[in-house]
Amino acid sequence: MSKKITIDPVTRLEGHGKIEIFLNDQGDVEDAFFQVTELRGFERFCLGRPVEEMPRIVPNICGVCPTPHNMAATKAVDKVYGVEPTITAKLIRQLQYNAFYVEDHFIHFFFLASPDFVVGPDANPAERNILGVIQKVGMEIAGKVIEVRKRCRDIMRLLGSKAPHPEGGLPGGVSRGITEEERVTIKATADYAVEFAKFALQLFKNVVVRNPQYLDLVLNDAYNLNTYYMGMVDENKNVSFYDGNIRVVNPEGKERAVFDPQFYTDHIAEWVEPWTYIRLTYLKVLGWQGLKEGFGSSLYRVGPLARLNASKGMATPEAQAEYEEMYAILGTKPAHHTLAFHWARLIEALQAAEDMQRIANDPLLTSKDIRNMNLRLTKKGIGCVEAARGTLIHHYETDDKGLLTKANLIVATQHNAAPICLSVKKAAQGFVKGGEPKEGLLNMVEMAFRAYDPCLGCATHTLPGKMALEVVLRDPQGNVLDRISRGI
Amino acid sequence: MASQKILVLGLGNTILGDDGIGIYVVREIRRKWAGRPSVEVVEASLGGMVLLDLITGFDKVIVIDAIMTDDPKPAGFLYELSLDDLGEIVQPYASHALDLKTTIELGKRLGYAMPSAVRIYAVKIEENTTFREELTPPVGDVVAGLADRVIAEVS
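Sequence lines, in order, name chains V and A.
Under our numbering, the first sequence is numbered contiguously, ending at residue 488.
Under our numbering, the second sequence is numbered contiguously, ending at residue 1155.
Only chain V is shown next, with the shape it has when bound in the complex (with noise of 0.2 angstroms):
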C-alpha cells in the first residue's frame, strides 16, 4: 500500500471500504466480499427521546443524504401522530424531495460516474476525476451542473433552513408555506432543471450510448447481475420517490410482491454473516439462499436501475419517453446491467424535474393550510420514502409519553450490500487469472461500486473527506496474496 503523506489515512476506519477477493487452487475468483464500517449504537442513542426530534437528529446520521433521512423520519412521525399532512403541505415536501433528487443525481453523474465515460475508464487516474471532465466537455458544462445544483439547493435551504440539512419535519405538516413570490422561482428553478436533464440524457446517449466500446462495457457479462427488483411506485405502479407502496419483481419482470411499507417486516428479511457488519437484507417469503443470483436466490437490489425495474413506468411524460428507450436499447426489461443504474438516474433526475414544474404550478401550493395538527399518540410509525441510493424504511414505536422504545432503519446499502459483493466478484474474474491481477482491476471494480453509490459509514466529515478503496486478494487459506489501493 503506498503511503504518499505523512498522515497517512487509508486506514481511517478499520473496513471501510474494503473489498476481500479469495481465489481459488487456480488462482481464479472465487469469492468476493464488500465491507464497511457499521455506525453503532444508533438505538440506544435514540431511546428515550421525544420521538419529534428525530426529523433533527437523523440528517446528522450522513453528510451526503440527509433529506431522505429527514424525509423517512418525519412520515414515521405522521404515522406515530396518526396524523396525515395536508395537501399542501405534502405538495411542499414533494418539492424539497424532488430538489434533492435533482441535486444528488447530478451530482453523482457527473463528479462520479463520468470520468469513466467522458474521460474513459482505463486513462490515466490523474485525469480520470471531474477536473478531467470538465477539460473534456469545457466551463460552460460544469457550470451549468454547479448552477443547477445551486438552484435547488435554494429550495432545500428555503423549505428546510439550510440545505442539505434539513431542520424540518413536523408530523402533520411542514414548518412554512410558500409565497406566490417564492413560486416564480421555483418555477424557474423547475424550468432549468428539466432542460438540464434533457441535456444530460443527451450527452450520455451521445458519448455512452453512441459509443460502441462503452456500450459493450454497459452491456458486457461483468457488468450483469440477474436478481429481483424492489422499488417505490405510486397508484399507476410508476416510480415514485416520496410515497406509495414498495413493489418487487423477480429477474424476469414479474411482480412478486406489493405492499404498504407499514408492512416490511412480513417481507423484507435480515440475515447476519461473519464477514460483515451489514444486516444483508433478502426476500422473507424465499428465504436466504445465501450470495447467488438468479431464480434460486432471495436477493434483490434497490436504486435507480431497480427502480425502473421494478415500476411499469415513469411518472412524468418525458422521462417516459426516456424510459422506453432504455429499455428499447438494452433489449430487456428488467434490465440487470450494473452501469445502466447511471442511465437510470439521469432518467430519474428528469422525473423528479418534471415533479417540481407539476407542483410549482399547482394552485395549492401557496395555500396556507400547511399543517394538520389532529394528532393522536399511537405509539408506532414507519416511514419510507426512496432515497436518492434505493428504499429508506425508519421504524420507530414509543410508550405513552411518545419517548422512543425502538427505532430501527433499513438503508439503501443494506439491501445492496449481498448484490455488491457479487458484482465485484463478477467485475473482478475477469481481471483476476490465476493469481495474478491485470492492470485496470482497481477501476473496473470500483465502476461496479459507483453504480450503487454505496453508503460507507456515513462519518463523511473526518478529514481528509475522502476514502481509499482497498482491494486484498487471498489464496483459498486466507493468506494475502496481494493489496492494491490508490495512495491518497
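Just so you know, these hints were derived from the structure itself, not from any lab.
Just so you know, not all the hints are guaranteed correct.
A few chain V residues that face chain A, going by a derived Cβ cut-off under 10 angstroms, partial list only [said to hold, decoys possible]:
{"hint": "1", "residue": "Arg40"}
{"hint": "2", "residue": "Gly41"}
{"hint": "3", "residue": "Phe42"}
{"hint": "4", "residue": "Glu43"}
{"hint": "5", "residue": "Ile57"}
{"hint": "6", "residue": "Ile61"}
{"hint": "7", "residue": "Ile130"}
{"hint": "8", "residue": "Ile134"}
{"hint": "9", "residue": "Gln135"}
{"hint": "10", "residue": "Lys136"}
{"hint": "11", "residue": "Gly143"}
{"hint": "12", "residue": "Lys150"}
Idealized CB from N, CA, C, for every residue including glycine.
Based on these hints, arrange chain A on the given structure of chain V.
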C-alpha cells in the same frame, strides 16, 4: 486594503462522539469571542461538494475537523495541515468520498472565488462509529486551547 474575509469552519458530527470536535471548537470560539465583521464562524455537519457553497468568496479558510490516522500519535494530538497534505485528486468511488481539496480545485477551475489560504487544524481521534454526544477526555481537553489559538489568529 480591505481586510481579508476569513471563514472559520468547524466540521463534524456531534452525534458520533469525537467526530464532532470541530463543531465544539467553533461553539467555544463563539462563546468566548465577540467576533469581527470580516470573520465568519460556521459549523457544518457536511462533507464533499457541499463545502463549495460555504467556502466561496473567502480569502482564507480555517478548517477545524477530526482526523483518523494510523500513526502512533495519541488521541487529541493536533495536526496543522495544508491542502497539500490531503493527497492527490482522484475519482471518488462513492459520493461519500468527495473531499475538500477536490472541491477547492473544482471551484477554482469554475472561476469561483476560492480561498488563497487554507489552514486545517485536525484533531486526532480514535473512533467515530458509535452514536453518542460526548467527547472523550483527551479530545475534549483540546477544545478550549484550540479555540483560543484560532481566536488569536483571527482577532
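### Query
Holds or violated: is there a CB of chain A closer than 10 angstroms to the CB of Glu43 of chain V?
holds (9 angstroms)
### Task
Would you check whether Gly143 of chain V satisfies its interface hint, that is, whether its CB is within less than 10 angstroms of any CB in chain A?
holds (6 angstroms)
### Message
Quick check on the hint: Lys150 of chain V CB to chain A CB, less than 10 angstroms?
### Response
holds (7 angstroms)
#### Entry: Interface hint status, Phe42 of chain V versus chain A (Cβ within 10 angstroms)
holds (5 angstroms)
### Message
Hint validation: Arg40 of chain V versus chain A, beta carbon distance must be below 10 angstroms. Holds or violated?
### Response
holds (5 angstroms)
### Query
Taking 10 angstroms as the limit, does the beta-carbon of Ile130 of chain V come near enough to a beta-carbon in chain A?
holds (6 angstroms)
### Task
Closer than 10 angstroms between Cβ atoms is the bar; does Ile134 of chain V clear it against chain A? Give me holds or violated.
holds (6 angstroms)
### Task
Classify the hint on Ile57 of chain V as holds or violated, based on whether any CB of chain A lies nearer than 10 angstroms to its CB.
holds (7 angstroms)
### Message
Quick check on the hint: Gln135 of chain V CB to chain A CB, less than 10 angstroms?
### Response
holds (9 angstroms)
### Query
Under the criterion of a CB-CB separation shorter than 10 angstroms, is Lys136 of chain V in contact with chain A as hinted?
With a closest approach of 12 angstroms, the Lys136 of chain V hint is violated.
### Interface hint compliance - Gly41 of chain V to chain A, C-beta minimum distance less than 10 angstroms
Status holds, d = 4 angstroms.
### chain A contact restraint for Ile61 of chain V - C-beta distance below 10 angstroms
Holds: closest Cβ of chain A sits about 8 angstroms from Ile61 of chain V, inside 10 angstroms.
When held up to the earlier numbered hints, the structure conflicts with hint 10 and nothing else.
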